[in-house]
Amino acid sequence: MVPEASFTSYYGRPVINAPVWRSPEVPGYLFLGGLAGTSSLLAAGAALTGRPGLRRGAALGAASAIGLSGVALVADLGRPERFANMLRVFKVTSPMSVGSWLLTAYGPAAGLAALADVAGILPRTRRAATLTAGALGPAIATYTAVLLADTAVPAWHEGHRELPFVFAGSAATAGAGLGLLVAARPENAPARRLALAGTICELVAANVMVHRLGLLAAPYRNGRAGRLMRQGEAFTLVGLAGSLLAGRSRTLGVLAGAALLGASACTRFGIFEAGMASARDPRDTVVPQRERLERRGLGDRAVASGTGAPGSDGAR
Amino acid sequence: MTETTARAPRRVSFSLLERGDPADATGYRAHLERVGFFTDTSVCIGCKACEVACKEWNGVPDDGFRLTGMSFDNTGGLSGNTWRHVAFVETHAPAADAGDGELRWLMASDVCKHCTHAACLDVCPTGALIRTEFGTVVVQDDVCNGCGYCVPACPFGVIGRREHDGRAFKCTLCYDRLRAGMLPACAQTCPTDSIQFGPLDDLRMRAERRLRELQDAGVSSARLYGEDPEDGIGGAGAFFLLLDEPEVYGLPPDPVVTTRDLPCLWAHAAVAAAGLVATALTCFFGRRR
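Going line by line, the protein sequences match chains A and B. Numbering-wise, this note's numbering puts 234 at position 234 of the first sequence, and it's gapless, one number per residue. Numbering-wise, this note's numbering puts 255 at position 255 of the second sequence, and it's gapless, one number per residue.
Just so you know, these hints were derived from the structure itself, not from any lab. The C-beta atom is built at its ideal place from N, Cα and C for all residues, glycine as well. Heads up, none of these hints are tricks.
Label pairs and their computed distance ranges (CB to CB):
| # | chain 1 | residue 1 | chain 2 | residue 2 | range |
| --- | --- | --- | --- | --- | --- |
| 1 | B | Cys264 | A | Ala135 | 16 to 26 Å |
| 2 | B | Cys264 | A | Ala241 | 32 to 42 Å |
| 3 | B | Asp24 | A | His211 | 42 to 52 Å |
| 4 | B | Thr282 | A | Gly120 | 26 to 36 Å |
| 5 | A | Val204 | B | Gly59 | 48 to 58 Å |
| 6 | B | Phe285 | A | Gly214 | 38 to 48 Å |
| 7 | A | Ala105 | B | Ser71 | 45 to 55 Å |
For reference, chain B alone in the conformation it holds in the complex (with noise of 0.2 Å):
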């Protein structure tokens, strides 16, 4: 079990109202720069060594031992139970990467993103998702009572409740060995450096360059997923080069912190109540009949 003996700060966490660093926003004082993931999935060889690190490193159960039929992949996808997942697609190469539409092979380590914007920790009735002082996002296992809440309200099916255990568990981007100085399990075992973890600032320069790389090697299907800090969950702190569209990998092209909308859904409810009541009083005039 994973221990995560994380202090919530004092204020709680409205990562709707958050700019820039994440940790500042939740009230942090002093903290540590911002850290995450980057995952170069055009060097991933699908050995799923970071699968392995993670679920040895943080104590994580088995997700049954069931053959699914896609490709190498019979992890099938996040879940409480799994918190790195490496997708394997085949599929034909695009023309314009002088594929000559030959089988193509697309492989990619999936993982929480460690959103700016994180709907699992607006939604967390009892506060035990928080965001610590990495800027990331952990469920406290101590506090967290199995609503369920955060598992429909994450955008990108990350986090999940364990079936026998009843409490919400994702990747805590290995919060334990970040506080003891060393790099998160899978970053570590990466034998390709696919998984490359740094401060997020770092890691987007390194992405950037890395697309250039890749573009000027006339890879026009490359892309960054995840790094604008502008798109609709504030940009992740873990986010990707992919070589195809964002749903070819399972992920979700354009997603949006549902949180968003939240003041929009309260004035409709409010409208509603407001409009239950006039109607209710107003049955009670009338003739006595």
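Okay, chain A solo, but in the shape it has when bound (with noise of 0.2 Å):
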């Protein structure tokens, strides 16, 4: 570790900009997205097994989160007018063309599954929107990880091995809460045992990266961020709790549905606002890229890029 006092930075101010994407907006969408994607996946799950209760339910829920997210993202643009443009192109180094390019697919194949199912017509349209939409669903539920952590941001980027477990965990989590809220016994049996192998993920996947991340973690803990992810893990456990018993009672699985939910939600939010603090904080730039020199040998950069260097002027 560093000691605190090499740390040195302009008047405390950012050495980068801290993200311009507003709340509710941008960490709703992380939630509603990774809702919807599980759900998709439980109703093509539901279709090939024949449960048309949990089948229709998280066809619905996944096409109202998932059309939810739409407005949201498009209302977060700085020029909402121009929202096509995401289509211009297609680029692999943009997280965001590439989401755009999955929303593209995934929204319509959602929406057609939701609406075949609850007007009860075109039973094979139907069937192929749903399998479309469960076959995209986990993508959309994971590739907002890849977009959060490929910034500069030091709480998201330096967390990058961890983030899509925690949001497959998250995704997993609120894909079983609406699968217990909107299916009862025994359809939702995949749904409670989903809440089980969601929450454990998510728990494990998220305190790893927390401790992995050394300094980094301070943004996890501390503040409204801090508050957030600590709700999450409470409202995690109540969760997994009442999905247990959930095979009892309906009402048992409604309320652990709803904590579940809550859970996902919780986490998103957190990460996002952890992401945000750690962006308007010099000490998470400066002191991780000053140990990285000092493990390189080269804490001392008039030495390195000096004239002395050897092979300084023949990498020119």
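Assembling the complex is the task here: the two chains are given apart, and the hints tell you how they should meet.
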């Protein structure tokens, strides 16, 4: 660890510019995208195994969540009337570009699946749309982790190995929560099992990430982000316990479902806020970079880039 | 408003794959020499003529008339509305420089680095950010839809979204002036030649010479920043001679383009997504109770 005294900054001002993304639009989308993606997966599973109640409820939930997301995302643009410019190009280097194309494919499929299901028409189209949405759902649920980590925001970028697993776990938690809300016993059995897997994955991945971040754990533990993360954990534990008992009572199932949805939302909002706090703190940017330089033995850049350094001319 | 009439080349730029000249890698068949800035902060007098010239020429709106209490710097930092920013650092000179610990003023004019591996360009989902034929990075303001992704992607905190406009803006390295064979406004106006404009290779040689001069004169704290093509951004198109650690001026000590880790990011997300599918489908097996 670098001692505190070695940290300097320009009047305490942040080094990077903080994201201009608004809350609740963007963290709300992180949550709703995960909810929609996993719900579509549940709907597809229900379609394949003959559970029409779960299928209809999950498909409807997915379509509503992704519809709301679309509105939130367009509203967050600086120039909403130009949202279609997202589809000018396809770039794998831009997770937002990949996400735009994913949403373009997924959104209509999820919408069609729900519409056909509720109206009780076009059974073959409904099946195809349900399975398409189910296949794209997991990508919708997890690509947002890449979207956040592919920035210079230290608390997001340095957590890039764990963040997709936190998001997958959080999405599973949300989808399972919705499944428990919309389906009764015995159709909600898959949702109960998914709640168990999702909550454990979310808890473990989030704790591993925060533990591994070292200095950068602070934004996840302090302030508003810290409160949200702790609330998320509490909701997760309540939801986990509730889902274990949800097979016995419908009321317990509904309560557990609500707790699981709350858990997922708190985690996503917490991670969003942690990144915002981390972007504003120059220490989060400077200290890990300083440590990196020192590990490479380049602590003093004056020496490293000086005229005396062998090969400094040859590199041109 | 800046008119950026740059024609994007057919191929979308993936700056990660670029080696050598970024304009080559972008797909320009015949293009000009890569140009940039060498900002020698050792001769900066903090006059802010660069800030004014930039605002005047590019029609950049004001960024609020506030007093910051940060020495003579009431600009604060780079943003959509500030494309040149003069930092004022009041510090005690290191004893090694025979400064006797007396008060020393550091002044430095910061600007977009026009990175070889530019994160803003990589993450831009609309293709509004492009590599020009000069090797610089420019936002096409008729394409940008204000998604804001470039803002946290930049490791230097350069680009910003203009509040009432909604689009992202940053230094264009005076793209319009370059096309007309003129110097960028800031370099044109700089009274001490602290801001030097030219072909990047020439500037690097000039910078090495200046660094040697200063070190021979006993200024051991002098160092170049952003000139190394082996650094985390593949070398900056606008680099600096500094008299203290980069973070003293508000610059990151070891900037790395975030997309360098993108293959690793996508791989982890793919495993997580596959895990989600496997887990969810497994949940459908077992007793129906």
